[in-house]
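Colleague: Spelled out, the chains give:
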Amino acid sequence: MSRQRVASVDELPAVAEGHGVCWIDIAGLGDHETIRKIGERFNLHPLALEDTLNVRQRPKVEDYDDHLFIVTRMPMNDPEGDADPGSSGPPGSTQGAWSHHEGQLVTEQVACFVGTGFVITFQERPGDVFEPVRTRIGKASGRIRSRGADYLAYALIDAAIDSFFPLLEAYGERVEDLEQEVVERPESGHIAHIHDLKHDLLTARRTIWPQREMLNTLVREDSPLIADETRIFLRDCYDHTIQLMDMIETYREVASGLVDIQLASVSNRMNEVMKVLTMIATIFIPLTFIAGVYGMNFNPDAGPWNMPELGWRYGYPVALTVMAVIGGLLLLWFRRKGWIGGGQRGRGGS
Amino acid sequence: MSRQRVASVDELPAVAEGHGVCWIDIAGLGDHETIRKIGERFNLHPLALEDTLNVRQRPKVEDYDDHLFIVTRMPMNDPEGDADPGSSGPPGSTQGAWSHHEGQLVTEQVACFVGTGFVITFQERPGDVFEPVRTRIGKASGRIRSRGADYLAYALIDAAIDSFFPLLEAYGERVEDLEQEVVERPESGHIAHIHDLKHDLLTARRTIWPQREMLNTLVREDSPLIADETRIFLRDCYDHTIQLMDMIETYREVASGLVDIQLASVSNRMNEVMKVLTMIATIFIPLTFIAGVYGMNFNPDAGPWNMPELGWRYGYPVALTVMAVIGGLLLLWFRRKGWIGGGQRGRGGS
Amino acid sequence: MSRQRVASVDELPAVAEGHGVCWIDIAGLGDHETIRKIGERFNLHPLALEDTLNVRQRPKVEDYDDHLFIVTRMPMNDPEGDADPGSSGPPGSTQGAWSHHEGQLVTEQVACFVGTGFVITFQERPGDVFEPVRTRIGKASGRIRSRGADYLAYALIDAAIDSFFPLLEAYGERVEDLEQEVVERPESGHIAHIHDLKHDLLTARRTIWPQREMLNTLVREDSPLIADETRIFLRDCYDHTIQLMDMIETYREVASGLVDIQLASVSNRMNEVMKVLTMIATIFIPLTFIAGVYGMNFNPDAGPWNMPELGWRYGYPVALTVMAVIGGLLLLWFRRKGWIGGGQRGRGGS
Amino acid sequence: MSRQRVASVDELPAVAEGHGVCWIDIAGLGDHETIRKIGERFNLHPLALEDTLNVRQRPKVEDYDDHLFIVTRMPMNDPEGDADPGSSGPPGSTQGAWSHHEGQLVTEQVACFVGTGFVITFQERPGDVFEPVRTRIGKASGRIRSRGADYLAYALIDAAIDSFFPLLEAYGERVEDLEQEVVERPESGHIAHIHDLKHDLLTARRTIWPQREMLNTLVREDSPLIADETRIFLRDCYDHTIQLMDMIETYREVASGLVDIQLASVSNRMNEVMKVLTMIATIFIPLTFIAGVYGMNFNPDAGPWNMPELGWRYGYPVALTVMAVIGGLLLLWFRRKGWIGGGQRGRGGS
Amino acid sequence: MSRQRVASVDELPAVAEGHGVCWIDIAGLGDHETIRKIGERFNLHPLALEDTLNVRQRPKVEDYDDHLFIVTRMPMNDPEGDADPGSSGPPGSTQGAWSHHEGQLVTEQVACFVGTGFVITFQERPGDVFEPVRTRIGKASGRIRSRGADYLAYALIDAAIDSFFPLLEAYGERVEDLEQEVVERPESGHIAHIHDLKHDLLTARRTIWPQREMLNTLVREDSPLIADETRIFLRDCYDHTIQLMDMIETYREVASGLVDIQLASVSNRMNEVMKVLTMIATIFIPLTFIAGVYGMNFNPDAGPWNMPELGWRYGYPVALTVMAVIGGLLLLWFRRKGWIGGGQRGRGGS
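Chains as they are written, first to last, in my numbering: chain A, 1 to 350; chain B, 351 to 700; chain C, 701 to 1050; chain D, 1051 to 1400; chain E, 1401 to 1750.
Here chain A stands alone, though its shape is the one from the complex (with noise of 0.2 Å):
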């Protein structure tokens, strides 16, 4: 097995005769033309073309006869920030780091023509999870070499769904800050950060889910195009996405209890609130309204009657102790509901 860059597809023709196995890996998808030319060459379904065109693809395996058509999708590798799809950036470039939009789940369509003794693979745009499987193929031992494109084809998907790991392993630890931080400091600005998690596992759900499926229709369905040795590694791979739809339903279970955790701390913070202000005023707003009556003005001198407690030698130290003694008994009451020893409580183990 040879790699080699050819300029163009009139090239190619030489290469698919060789013997062996040809990967034709074509990343960015600008050059309609040469998608045709290549279609035409390896005689691939027209359908299977304009899929390969429409980025929006959900991964599928489809059938025709002398090849299969398989589309999968791969974390996108974005070196200016440019989501543009379609787009095909400037082909020399190598980028080694895996960006996500701050940490927004973006992904690269994959189609891939599997037929007997080729491989095609049209990327969205250059940069690839493939370099692994590169590497291998250089190699001068190694099981990829001694097989057929049905193998290639395995060890693309799988080297694509492998690169989920790392993203899911990233998003199973923002679940896990997230645990602790609404949990230990139950303040409110959780809720967005919350929802944007569980948008971005709606997306990881929305690319792995069908890429399951893809797998286990490729595991299960009769195709001479793929050895039955080569289906032990699909299955492989098939236990592969259902780790990961595992984690990803784990961690959406986990932050949708979150959601509640956040709600029932917002509230109790508010309660808890409100109880200090219901205390302060139980307690002050009697005792205001005792010192405004002895603040009146009514004049003892019109009638034995009006405010004598005024002129009494010890009116003042009186109504003091009046004032303390139902302050106590409030407090009292507010100890008996439990509001104070019972919020001390309650407050510690929120």
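One should not assume that every hint holds.
Reference listing, derived: stretches of chain A covered by chain B, where coverage requires no fewer than 3 residues with Cβ under 8 Å from a Cβ of chain B [stated by the list, open to error]: (1) 55 to 63; (2) 278 to 288; (3) 311 to 318.
Straight-line C-alpha distance at most 30 Å; calculated DSBU-like pairs for lysine-lysine [what the hints assert, rightly or not]: (4) K1539(E) to K1087(D); (5) K760(C) to K410(B); (6) K60(A) to K37(A).
Read the hints as simulated data drawn from the structure, not as lab findings.
The C-beta atom is built at its ideal place from N, Cα and C for all residues, glycine as well.
Using the hints provided, position chains B, C, D and E relative to the given structure of chain A.
Modeller: This is chains B, C, D and E only, laid out in the frame that chain A set:
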């Protein structure tokens, strides 16, 4: 293949006896007699004709041995804001714009009979999404002219289904706008908009879901009226309905999440309002009480214990200082509880 | 086919021995002896007869080799508001109006035995939805007179199922009314109405769902008692149950959404109330405190620091100005927080 | 068929060798030795015997070629409020009343071996729901005496399942009572009752659901131990489990809806409380402020601008009038906002 | 059957050539070389060996013609609180207690190869739940010594699955404790505990669910490596996983209900707090206003309308009486609204 407008059903026979495929397109269901005549002419099943006139059918396919009866739906072309179904508008009117009443999705039933050599479509009213199909028929070359009635039926169904994509993209934008609105301006008025959106998505789901079923039946069941090569195209069309459903379900999940955010935002809002009230009230209520105490009119002359503070040299400054100290301590306590710094932080994050 | 009212079971044999199809319709289940006799006469299975008397059966179909036992339900015709099932009303009463107790759906069981040449229906009480069927039988022409017992059974089931459409349309209007009410007048009293509606829809669902199952069984299973051409009609009837379920599910989803709107509206309301309280209290509490301070009775004569402001020439205007400034600043702060302008905006949007 | 009480397992052989069907009923699982002996005597599978002793089995049916092992459950007969399962109470005690601990559903396992000519039942404790079956066996005539072991097993399962109907009807009444309570007296204490109800319905569901599965298996699977005519009866029994599930699911849905109503009611309550507070506070806070202002002690002698109002001839009436006007305007504003008239209306509707 | 500890893989052949079944148990996955050698020696599939080393596999069974690869999980034996998977602890350590980190469920992968005459298990670390199996092997009699590798594998899987029962019973107690706590002490701190519980139940579900699938596959699929009599035992084991799932699902539903109760309790609490505040404030605010009015300093000498009440003989008593009457009327109004008596009632029921 030729295209002509016939004045009455009686002219039809000549057309149908021609070679190739005859497409009879009836726009408007008001003329029951004509419909009955066509039914007799082409030997259509009475139950299917009944369903044709009852425009509230769910999309479905029914196999009547010598013809298939397919019901599909397309977004309604509504020129005068007149949503009265069943009324046939003026036959010559040609509107280019697809309206949906203030964002509300309205669909129109298309009943389609497919037999050997003929396709008959009954639309609720003039104006449809089949113009591209007519254009392709008009062109000299093109697959559509060399294939049978099944391919023409596929082309019509495909046109009907693809006409939902722009609508759903508009919903996608509405979802994103609402998402941003709710997160950025957590005011109260969004809940009704979210409800409207969910209602529309529910309508869309009710329209698309049975189309998916209908196409699945067409692809899988073994009718001699559908050629195998047409099945591949129908499978592609089926994929489109899956994509539509996928979009709808995603939007629905996001919209459901928005309700949570909205409710949480309203709670946060209220929390913040309450915090301000509580702080102001908690600080000033005790201070006002102290002011009230020294506003009491106990007579200092009646005894040495009657409000001696009023006669102290520094009584007033001492009282003000005590008030300031109490206010300061309360502020400190709020800060310790995280209501001031924490409030600022929480508000920033919300 | 003739129609006659027989006085007792003993007269029945003659009828059943006539050519064509014999439909025996028993309205009211009170006369157990008669029912037992009919069972013996037509060789009906004892378990089926037991189910006939127990009027709480779910719709179902059971195949007893020589006859089918079909249970369906129709909306109950309730003349005297007497919902006691099992009681047979006066046999001659003919009511045209279908009532449902204050909006609550009440259904009546129709047990139907279909054999070769006979259909026997047991209704809970007189009054039914089969009048159109009787009319069609009465007419000289019409499919129903030339077909077998299976077609008659179809006609009866179809009448029973179609009688749910007006009820569900009434529910649809109730849903729309509630929707408008809740959005426009977000008062508090709607939650119980929404609950009632959901309860009724649940009842409707419990009634329609098994009818759908029952028809599906009739269409698919291979009973020699059902002719193939009748199956096409049953399939149509099955489509109607799907339409009914579709309506019910949609209404249920919308009703569920209304609970959210209602809760959000109540929260919004409260929010608004709290905002008014907070603004009034927050503005006046500090001002009242200041007024309280200058209401203190510290003796200015006791020292120069004792409330010298009271003796200032412009003390009072200065105090009022300070108060106005504080109030104005607080109002400005509220506007900055969006409580005044924003409140107006939020209220407009709610 | 005769009925006898045997003292020990050794007497059993004679019984089992008799003609017809032998029903051995063991009440209480304490005597492991006896159970082991019976197992040996009838060649029962050790795993099934283990399951018999472990009383937490889910209802199920297992086919051990020469015998069926059926596990079903019935409501527990609990004479002494002793819920300790596995303990065998005094064998002679006969209780007529079915208790369930303060409304909590407790069920008892019935393990049932069905072979050719014998049925062996193991109950957790004495007291069961099989008395009607014993009565039918005791009667001279009756299907049960002329049929095989499979019919007897059916009769026992049927008795066990039918014993759940009165319990579920009691739940139905509880649901309706709670519904009325929650709507009419929207106090706060119902949430725990709703939770208890949901918990009990969950337990009922866990008990009934596998019985449905078990009966479905019995009806559909092809065991030679079950005669075809018995299958018709088992199908009837299966219908009963569907009815039970239907009731349970409906009650569960209604109960879930009640939580919403309850929460909404609590919110409404609070809303009303807040409205009263807000109105009182909003009216009197500004008035109290005005009173506070004229309670200030600025010295009118210090300058003409110091509280000249105090010296006005109509100062006091004017102040009171101003207060009355402010209060009136606020009341008008409340009415305009719909808090007074609207509040009345909203309260009436809640 | 003998039991021995071998020092290296090279000693294994002699063992495996012995008659009967050979069980090789590798505890700790650190020594990759040994694992590779075993793989070669027993001809294990490389993909299965890879999965053995990757300890995050979901339980599953894979059929590699000459051997089955079974992945199961057991609760982790964690002596030093060291949860680092893959590290092999000291081989001689024997811990009797199963810990789970502060209630968090940690499971350990057991990879199990079953071939003709051998069972090979790979545990993540020393310490397992297989001691009872070893004891049974050690005993002279016992089914396990006379059966094949499939029965041994069953015994191991059974031991692994049964080890989850005590854990789930502990969860059951946690659920009940929380239930009682939440209902009896509706404080605020429970929401985080409920979340933890739900999280743990989610983990348990993720562990048990695929074990159920795995056992279902073993029972149903037709591998020559599993004898029919062993299938009966596996079916029993499968029943255990159903029981475990049943417990988990029930606990999850109850836990979800607890969130509702908790939220309702917090609302109730707040309601009660607000009611107290509202009553105190509503009673005293008007009274304080009246006191404030008579604290105004309008000069009675300036005119006859200036606060003549101050000079009345019974002005003060009349004012106090008016205040008492207003307070009493408000209390009466509260009682009429059900806030006092009803509050008591509502509080008792909460």
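Colleague: Compare the structure with each hint and give your call.
Modeller: These are the hints, each one checked on the structure:
With 5 residues having a Cβ less than 8 Å from any Cβ of chain B, the segment 55 to 63 of chain A passes the three-residue criterion, so the hint holds. Counting residues of the segment 278 to 288 of chain A whose beta carbon lies closer than 8 Å to any beta carbon of chain B gives 6, which reaches the threshold of three, so the coverage claim holds. Counting residues of the segment 311 to 318 of chain A whose C-beta sits closer than 8 Å to any C-beta of chain B gives 7, which meets the bar of three, so the coverage hint holds. Proposed proximity of K1539(E) and K1087(D) is supported: the alpha carbons are some 24 Å apart, at most 30 Å.
Note on K760(C) and K410(B): the hinted pairing holds, with a Cα-Cα distance of about 25 Å set against a maximum of 30 Å. Of the supplied pair hints, the one linking K60(A) and K37(A) holds, its CA atoms being roughly 24 Å apart against a limit of 30 Å.
In this structure, none of the earlier numbered hints is contradicted; all agree with it.
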